[in-house]
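S.K.: The residues making up each chain are set out below.
4 protein chains.
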Amino acid sequence: MKIGFIGLGSMGSAMAPHLIAAGKPLTVHNRTEKKAESLISDGAEFAHTPGGAAQGEIVITMLADDAAVEATVFGEDGILQALPKGATHISMSTISVALAERLAAAHAEAGQGFVSAPVFGRPDAAAAGKLFIVAAGPAEVLDTCQPVLEMLGQRTFFFGEEAAKANLVKLSGNFLIASTIESLAEAFALVGKAGIDRHAYLELLTETLFSAPIHKTYGGLIADERYTPPGFTAQLGHKDMGLALDAAEELQVPMGMASLVSERFLTLMAAGAGDLDWSALGKLAKRDAGDDDAPLAAKG
Amino acid sequence: MKIGFIGLGSMGSAMAPHLIAAGKPLTVHNRTEKKAESLISDGAEFAHTPGGAAQGEIVITMLADDAAVEATVFGEDGILQALPKGATHISMSTISVALAERLAAAHAEAGQGFVSAPVFGRPDAAAAGKLFIVAAGPAEVLDTCQPVLEMLGQRTFFFGEEAAKANLVKLSGNFLIASTIESLAEAFALVGKAGIDRHAYLELLTETLFSAPIHKTYGGLIADERYTPPGFTAQLGHKDMGLALDAAEELQVPMGMASLVSERFLTLMAAGAGDLDWSALGKLAKRDAGDDDAPLAAKG
Amino acid sequence: MKIGFIGLGSMGSAMAPHLIAAGKPLTVHNRTEKKAESLISDGAEFAHTPGGAAQGEIVITMLADDAAVEATVFGEDGILQALPKGATHISMSTISVALAERLAAAHAEAGQGFVSAPVFGRPDAAAAGKLFIVAAGPAEVLDTCQPVLEMLGQRTFFFGEEAAKANLVKLSGNFLIASTIESLAEAFALVGKAGIDRHAYLELLTETLFSAPIHKTYGGLIADERYTPPGFTAQLGHKDMGLALDAAEELQVPMGMASLVSERFLTLMAAGAGDLDWSALGKLAKRDAGDDDAPLAAKG
Amino acid sequence: MKIGFIGLGSMGSAMAPHLIAAGKPLTVHNRTEKKAESLISDGAEFAHTPGGAAQGEIVITMLADDAAVEATVFGEDGILQALPKGATHISMSTISVALAERLAAAHAEAGQGFVSAPVFGRPDAAAAGKLFIVAAGPAEVLDTCQPVLEMLGQRTFFFGEEAAKANLVKLSGNFLIASTIESLAEAFALVGKAGIDRHAYLELLTETLFSAPIHKTYGGLIADERYTPPGFTAQLGHKDMGLALDAAEELQVPMGMASLVSERFLTLMAAGAGDLDWSALGKLAKRDAGDDDAPLAAKG
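Protein chains in written order, with the numbering used here: chain A, 117 to 416; chain B, 117 to 416; chain C, 117 to 416; chain D, 117 to 416.
Keep in mind the hints are simulated off the structure, nothing from the lab.
Hints should not be assumed to be uniformly reliable.
Copies of the same chain are indistinguishable here, so a pair counts whether it falls within one copy or spans any two.
Within a straight-line C-alpha distance of at most 25 Å, the following computed SDA-like cross-link-like pairs (lysine to any residue) qualify [said to hold, decoys possible]:
#: 1; residue 1: Lys-309; residue 2: Asp-362
#: 2; residue 1: Lys-309; residue 2: Glu-278
#: 3; residue 1: Lys-246; residue 2: Ser-327
#: 4; residue 1: Lys-246; residue 2: Ala-316
#: 5; residue 1: Lys-309; residue 2: Pro-411
#: 6; residue 1: Lys-118; residue 2: Lys-140
#: 7; residue 1: Lys-332; residue 2: Thr-272
#: 8; residue 1: Lys-309; residue 2: Glu-217
#: 9; residue 1: Lys-151; residue 2: Gly-191
#: 10; residue 1: Lys-118; residue 2: Gly-172
#: 11; residue 1: Lys-118; residue 2: Thr-165
#: 12; residue 1: Lys-355; residue 2: Arg-218
#: 13; residue 1: Lys-355; residue 2: Leu-337
#: 14; residue 1: Lys-309; residue 2: Glu-277
Keep in mind the model is a prediction, meaning the values are calculated, not measured.
Bound-form chain A, shown alone (with noise of 0.2 Å):
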């Protein structure tokens, strides 16, 4: 099995290996092909285009946004043009609802197959293959790209045969992250201008009630008010409420702690420090609360 892999930036760049690794023949493509050559020697091949990775059975796209798959899939020299009939997509960016839907019908309307197989995790549990991976797609198409999805993720959980509907359960999943790091943030705001130690505040809530992995990541990072370097900066946890809400729009379903968070989000950016980690909603809590006076962004 010929398996491409278009995207290498953080994320792309800590999965592609593993597939090296279990030893499939391997093209990949990046808009820079320097961050190609550890890949290329070992033993990938570099394509010029999207087009040129899409020649094997399965080509995965993990990129940055919308816009980027978007113009990797329809444009010129793009996937839909080139990927052979029977071939699939596994789309594992994470990307609106709605591009799902549009990649879904365009594949299936050339007779290739798509799957939606967005992930959760940073880029360490990419490099140690834990991310955890929610997919959607026809049936066989699915079971076509299991082996591969088990290359790169520690499990994979299925939704079904709609693959927008993995997007959905994916950006869902990224509101309930900010939404927790925005209760932190208050919550230590408060607790840190009555003077009590943000430390051992942490210890109590992630040795009881608080004990999953984005209370240890997110209150740690809130704790030490260690914002940078980003793992995910708080631009991109805007970008992805912005797309929550549009689904949310579609669905017609209030969420008005989505909107509430977004706007926390943007009030970062609106400061000049919307590459800081998004936890970063600890910073501006506690500016808010009159307990910070340094500005949120260092000046340019």
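Using the hints provided, position chains B, C and D relative to the given structure of chain A.
M.R.: Frame of chain A, contents of chains B, C and D only:
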């Protein structure tokens, strides 16, 4: 060491037996004597007034709200006038920061000790001795109390010498629970309206990033749409959000998410659904999504 | 001066007669010809395509939304390819800032003029020539258009040379109306549940500090609980809040109140009540106060 | 008819002269006698206690908050014990619904009359006798008071026999003002960041749909960015939002917009800007839009 225990509601009646089991001479008081019957048959004495239960070295209160604690401490035949100098009042109820400060001052003036020691955990945890206790108060008083607290909980977390700090931490924790419930409520409303299986979604959450007890407990209730019998009612949730917001106002800490969640509980109450479990925010989100035509509350 | 007018909905069909009355040779276009009948009998010509109405010095569009304007301008036989060099397109629809920018650029590239001139006022104001017009565009183009705008409105307010600024101002105005409606909705829910007479309350408001047309119009509708027939639907209100929030996101301006109001409109839509007047936020607030048991929407 | 007037702050000292001008024998009381000087020179007597000013047929209170009114009525040498049977207390302060209910009950029990008559209008309106008065109380008591109220305001609006209803109406009105301010704040932040002239925008608003006194007053202050000296401080705005939300909670009426506005005032206070005019929400919105680098408050 002779101990008094006041307040035999669902929490108190699950906690007091641990003191008898530990061999402590126990005097209990409750507004209605009936709830004390099994404790009496196990060896406890019954006092007809709060003051009557405050004759020993320690008296514990576990009551519904500020008003009940105020009446019990400051009222006629109350704790304040009965408790011997040097003896200690351990307040384990979820009460306001302001009342805790007032209690600390009044007991200090009377030459009595005072410790705030509110708990995390539902009645089943109390019965199993598995409560988490958040304690604050003067160090030497806490030292005296700690053996007693160990009989009641699995672990005590200390937050310094000012008793009211423990109450602030407790209220902030309830805010974190409530905001988790609202975020789950919105997420389930979203994916549920899209036709995604609620239990498959719950499994994804709780086996990946959202694996804390709060996720399992409240995610489970929302996935099941099982809002009765209540473990903790929406009305109590609203009360506690009010106490958290009062503390936040006093400290001048804006908490937009706490305000939002407070309004959601109030909406349940206005619909006559205040006595559902506070996870009924899930029902409210589903109703607001137009995905549940049934009224929020059964008609009286 | 030969004028084209495209879009004969409730607004457009009330505006176009003023141009005939002013003695201008008028060509009209509408998707369905039927709505043009009375104009034709008054002397207007009918064009079967947008381009057919764009043969003179000025073409005016008054359409429902971005999609309609896009199709009319950029589509086959559209305005862009038909309009003579040096002639001007006056866009009076409530559209996005982004589309207005795109239109300005496209027309400029084609050597055509472009002016944004959205309006405040309902169909009755349009029929009476009492619209308020918010206009922006290159000064010399605006000069040419002003005599035409004077036929359609009672006053034109100018906002500089960038056409899209007028659209931003219009959207911000609709936000101010919508937020006024929500505030009145909450206030009436509050005093109404306390048993205060709604019309006595309305009189107090409108004869003291709250005497603006928006207070009289929307306060009156909410006091009367008269949400149908709609002058402007909740669904359109939601659409416009979306456009305002899109512009705010692009400019990085957090607007918490706009987000809140947007979610309220979405709640009406989810309940099947999106085609009520947007003042039906008053019905929603009353329902949420537990003071109105009737469903928000009649069942289909 | 002998009248007492208690509370000579910025409002009270502008109101009391109208009673002297009307030829009424007036006894005034204020915590500091100094503020009474000009009234004394105009013929008023000074009483050194609230009770001393409550010897006639009517005593009026115009005080800062619940605490001041409570002390004045229920305290030592207070109104309650001094006021003759059959005489009436007119409470014109902005106080809580709960306190108004308590006052009505206490005065009734003491055989005294009680009327709530809070006002709309700033000190300049008070000085000009142009206040709007919102009154409620037993009909025959109101009849007695009406000639006095006519000396103080341009018009009285009646809201029935339960005094506290007038307070609810007053609080709902302050909520409407505050929400108007926040909506203007967000709108100006939006158009201002886009480079639109703030005064041209203000003119558009106030000469079209937004022509009420509140729009002119607060739109003007926000357009000018003139937040000091305060006519009414952000801190007082926050207090009144709290009273409105307390009433809403008691009546079980969710008011999401009131909560949001309350949090905004609290954010100003946390930044040390609580003593700016409450229109400083405009400064906060601009700051949050990243369009104003200056701190919200001058450093102490």
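S.K.: Indicate, hint by hint, whether the structure satisfies it.
M.R.: Outcome of the hint check:
Within a single copy, Lys-309 and Asp-362 get their C-alpha atoms only as close as 36 Å, which misses the 25 Å cut-off; across copies the closest is 14 Å, which meets it. For a Cα distance limit of 25 Å, the shortest separation of Lys-309 from Glu-278 across copies, 14 Å, qualifies, whereas the shortest one inside one copy, 48 Å, does not. For a Cα distance limit of 25 Å, the shortest separation of Lys-246 from Ser-327 qualifies both inside one copy, at 19 Å, and across copies, at 16 Å. In this homomeric assembly, Lys-246 and Ala-316 come within 25 Å of each other (Cα to Cα) only across copies, at 20 Å, whereas the closest approach inside a single copy is 30 Å.
Proximity of Lys-309 and Pro-411 under a CA criterion of 25 Å is satisfied in both settings, with 18 Å inside one chain copy and 19 Å between copies. In the homo-oligomer, the alpha carbons of Lys-118 and Lys-140 lie at most 25 Å apart inside one protomer (6 Å), although the nearest pairing across protomers, at 69 Å, exceeds that limit. Taking the closest pair of Cα atoms, Lys-332 and Thr-272 come within 25 Å of each other both inside a single copy (23 Å) and across two copies (20 Å). Taking the shortest Cα distances, Lys-309 and Glu-217 sit within 25 Å of each other only across copies (17 Å), while inside one copy they are farther apart (47 Å).
When the C-alpha separation of Lys-151 and Gly-191 is checked against a cutoff of 25 Å, the pair qualifies only within one copy, where the shortest distance is 22 Å, while the shortest distance between copies is 41 Å. Taking identical chains as interchangeable, the C-alpha atoms of Lys-118 and Gly-172 lie at most 25 Å apart only when both belong to the same chain, with a minimum of 5 Å there against 60 Å between chains. Taking identical chains as interchangeable, the C-alpha atoms of Lys-118 and Thr-165 lie at most 25 Å apart only when both belong to the same chain, with a minimum of 17 Å there against 51 Å between chains. For the homomeric pair Lys-355 and Arg-218, the shortest alpha-carbon distances inside one copy (19 Å) and between copies (22 Å) are both at most 25 Å.
In this assembly of identical chains, Lys-355 and Leu-337 lie within 25 Å of each other by CA distance solely inside one copy; the values are 21 Å within and 30 Å between copies. For the homomeric pair Lys-309 and Glu-277, the shortest alpha-carbon distance between copies (16 Å) is at most 25 Å, but the shortest distance inside one copy (50 Å) is not.
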